[in-house]
Each structure stands twice: as structure tokens, then as C-alpha cells.
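Spelled out, the chains give:
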Amino acid sequence: MSRIHVLKPGLMTTVQDLGRPGWQRYGVTPGGATDACALRLGNLLAGNSEGAAALEITAVGPTLRFAEETLVAITGADFETSVQGIRLPAWRPVRLGAGAELTIGAARTGFRCYLAVAGGLAVPRVLGGRGTHLAAGFGGFDGRALRSGDVLKIGPPTAWAKRFTLTLAGTASLAAARWEVGVAVRPRYTTSPVVRVVRGPQWELFNPEAQQRFLGERFTVDARSDRMGLRLNAAGRGLLGEPLRDIVSEGVAAGSVQVPPDGQPIVLLAERQTVGGYPKIATVASVDLPLLAQLRAGDTVAFAEISVAEAQELWLASEQFLATVKQGIALHAT
Amino acid sequence: MKLAALGDSAVIVTLGETLDAATVGAGCALAAALEAKPLPGLIECAQANATVTVFYDPARVPKRGGTSPFERVCRWIVDRAPATGQVGLPSGRQVILPVCYGGEFGLDLEMVGAARGLTADEVISLHSGAEYFVSAIGFLPGFPYLRGLPERLHTPRRKTPRTRVPAGSVAIGGPQTGIYPFETPGGWNLIGCTPWRLFNAYAQAPSLLQVGDRVRFRPITSEEYGASRSS
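These protein sequences, in sequence, are chains A and B.
If you read the first sequence in this note's numbering, its first letter stands for residue 23, the second for the next number, and so on.
If you read the second sequence in this note's numbering, its first letter stands for residue 10, the second for the next number, and so on.
Hints are computed from structural coordinates only; laboratory data are not their basis.
No experiment lies behind these values; they were computed from the predicted model shown.
There are no misleading hints in this set.
Computed Cβ-Cβ distance ranges for the label pairs, DEER-style:
no., chain 1, residue 1, chain 2, residue 2, range
1, A, S71, B, D29, 44 to 52 Å
2, B, A236, A, E327, 50 to 58 Å
3, B, P49, A, V205, 30 to 38 Å
The beta carbon of each residue, even a glycine, is placed where N, CA and C say it ideally should be.
Could you put the whole structure together from the sequences, leaning on the hints where they help?
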């Protein structure tokens, strides 16, 4: 079994997949990658199933040594990435030679990138998922972010990955495919997105001024944001003109925009809680969640309302698009 | 029964305006009925307090005419909802949890009392004198929401959540009491701490408590807390 040695861990590097559904009744969040689209595309480029375990890399990346020849792909935000001084291109399969040292530096734009490896990271499933649950300290690699000296095992690569690796020509340490997943297919990352939302279950509890301000203003991302949620600051005073009553805690979802009594909204991300007692003014459309995963402190976000049916049509269209990309990638190694 | 969209991939079903044992029981029965015969595209049903949240993938819900996946899922939930009637709580276990109240174990104990004109001892005696039932496990793995808090102890959540609450903290949030299984951010008022572990992902039953359990708290000293913690 091939291995990855962690020489430097980076700021916050965790093993993630597409989550562990089915345990919310015990308070266990599905979790998984915050930018699930980037994780899925990365896995497809490495010949894996979409939900294989990969590394989620935050702000400043790790330095890794690959014990054996490995096919990898980097997706998500744009990070400075090199192998022994040679730049490593993102959004395409890349063969790393045995002993290659991959250095992922700081993010140029965006906040999180994904490193998928052919065969997937072979960490044990816990409660059905391989992702790291940071708050509860289980799953992923030892239930925590990577540290120097950790050694990650890699699963057996697929037949596609083996065939495609043979087609790559280059130096001993690095050979990249000549094609990539085009810009049109990737999420449209920006530092100031307009994110589409549908009305939340407690929309009516907010006064008209708060509703208008929510859909009309830009909010700034607070430094206390993490995998659980994106904390936003409203310009001037909080979002609410009058105190809102707490509700009885109820279910929440990734993308739920909850507003605590201080009026500063929190958008829940992948490692969200399972229930919450703050009123939810809106829910972000699933197709736009990757845009939020790429925001860092100081970036801004605005919200635009669409209907539930529109949000679902956008999701269906993006799933169809991804299915086409999947077919396209499969054809590259035949 | 009231249904609302929780975004494009979930429906939140509210079973009643009051949060009592019958409403919680009805939620558990609905979640079980839905999961017993799932609609294609269903991901999971999660009961919590007076609600059941139904998660689904709109791309995998069977298409029918001009209806959206959301409308399709709503119709399915209404069709599958069992006949309303008396539904009991799904479990009847009795659990007595040790708690070390106040001081560094419960930073907000004095404040909770002061807000209602109670001494610290009165808060402890009221909180440990009541019987509670688990109406939801959620927020964090193994975090129990407990109903039955004496009215005199009802205390609103903090205006701004704390960024760090110690594991085991017993806390009051509005009309409920609960226990933080892990160190985490949190907005409830901290009154004590239990040495018991509430969640273990690697155990056969990962959550110590489950919805329907009856819970009481037993005050312990800091020495007993330390002994119980290390044992």
C-alpha cells in the first residue's frame, strides 16, 4: 500500500469526503468537504469515485512526500503549488514520481483546495464516513487536522487511474495531463459573490426592514469563521431592528442562514450543528455553497432571492453537467 | 402538521405548537414511517423536538409532471404521515447524571439565579429536583435537549455565543437544559459540569442518551467530579 508522509501540515489540513448521512438523530453532522464540488471533481480526475477521501487544505497548504508513484489532482481555490521547484497545474491529473515532494503554499485567491489521490485516502470509516469531525474528534486521520510526521495510507488505484498514469510523459518527478477541467465547469469563485438563497422557515419572523437589508446589503466575512459556519458582519448595527424571540431548537441544513440576537448572520457550512435555536432567515442554494466555502475574513457576500423550484432546477442542471464531465474524463484513458 | 422548505434539499415538518411528550413521540413515529418505505432520493429523516427534517437529493427524486422535487417530497410526507393519535415516547429508560454545580464548573450559575432572585443553592435544588425527558439529540453529537426545566429557571440564551464551552457543561437555554458533550462554541448559560462521557463514535451505541429517556441530575462535589472523571 502506497503512503504519503506529512513533512509540514499546513494551517489546517483534514481528510474529508462527501459526509456521513444517517446519524443526525444522534446529533452527528453529515460533515464532509465544505466545497463538495471541488472534492468531487478532484476525485474524478484521480480516477476515483466522487466521494473518495481526499485532503481539504485551508489557507496555507502542507508539504507532502509520496513514497511511490501516485496520480493526483488539485482542485478548488488557487494555491501556490510545486514539486521540487516545478509548478504543478491544478484541475487536471498529474503523475508524481516515487519520492516526489509536493509543496502546497499559500492560497492566491480563495480559501480551500483539495488534493485527491488515485485510490483515495485509506482511513477507516467511522459512522459510515471517512471525513474528519473536528469538533467531536473522530473520523479522518485520528479525528484531527494533520501534523508533521503523520503517514497517510492510499487505497488501490482504479483501472482508469493505472491506464491514465501510463499515458503521462514528463520528468521523473512530475508529469501533468495536457487537458484540464475547463473554467466553465468549475464553480465561479470570487471574493465578493452574490449568493442565491430561498426564504428560510422563519423568514416571516423578521421585520420588513431586516428582510430588505438582508437582500440589499453586503456582509463582511468575520475572522471567527470555520468549517462549521461563516460568520458575517452587517455594516453598522445588526440585521434586526427589534429583538427576535428564540425559537424551539429544530433542524438546520448546510446553507441555513441563522440570525442570533446580536443580529450578525451565520451561514452554516458542512460541519454545521444538526439543530439550532436561532431563527433562520434564508437557506443558500446548494449550487452556491462552494462559493461560500472559498471566502476568507474580509471578503464580502450579498444574497439574492430565488424560489425553491429555481434552486432545484439549478442543482439538477449542475448535476447533469457533472455527469457529462465524468463521461468526458472516462474517455481520456480508453 | 406544517411543512416548510429548508433550502432546496430538505423539508422541515413541524408536528405541533407545544413541545410535549406526545409531539416528540409523533415526530419519532413520522421519521420511522418515512424511513421504512423511503422515496428514491431520500437521504435521512431527523427528529428533533417538535420537528422532523427530511433530507433528500432533488436530482434523484422521481420526476412527475410539472411538479418540483420539493412538491413531490411534500406530497409523499403527507401521504405517509401515520394517522394522528396518541403516540408515546419511544423509550422509557431512567438515567441519573452526576453534576458538579457552580464555580469554575458553571460560570453562569450566579447570574442565572440573580436574574430570577434565587440563591445559587436554590438554583441547584430546583435543577436537580426536577425530572426531564430527552426531546432531541442534536446540535453536537450526543447533545441532549431536555424538557421539564422548572419555570423559575428559564433563562434566555446569551446575546453572543461563547467561543469556547468546556466538555460536559450542563447548561440552560430558554426553557430547556442540555449538556455539551465536547468543548465547542455555545450560547447557553453554564450552571455545572458532568464527568460522564455523552458520546463515543466508536461505541455500539454512540450516544449515551436517546430521545424519550427520562433524566435526573445528582449534585456532586468537585472531589467526586475529579474521581469520577479519572476513573
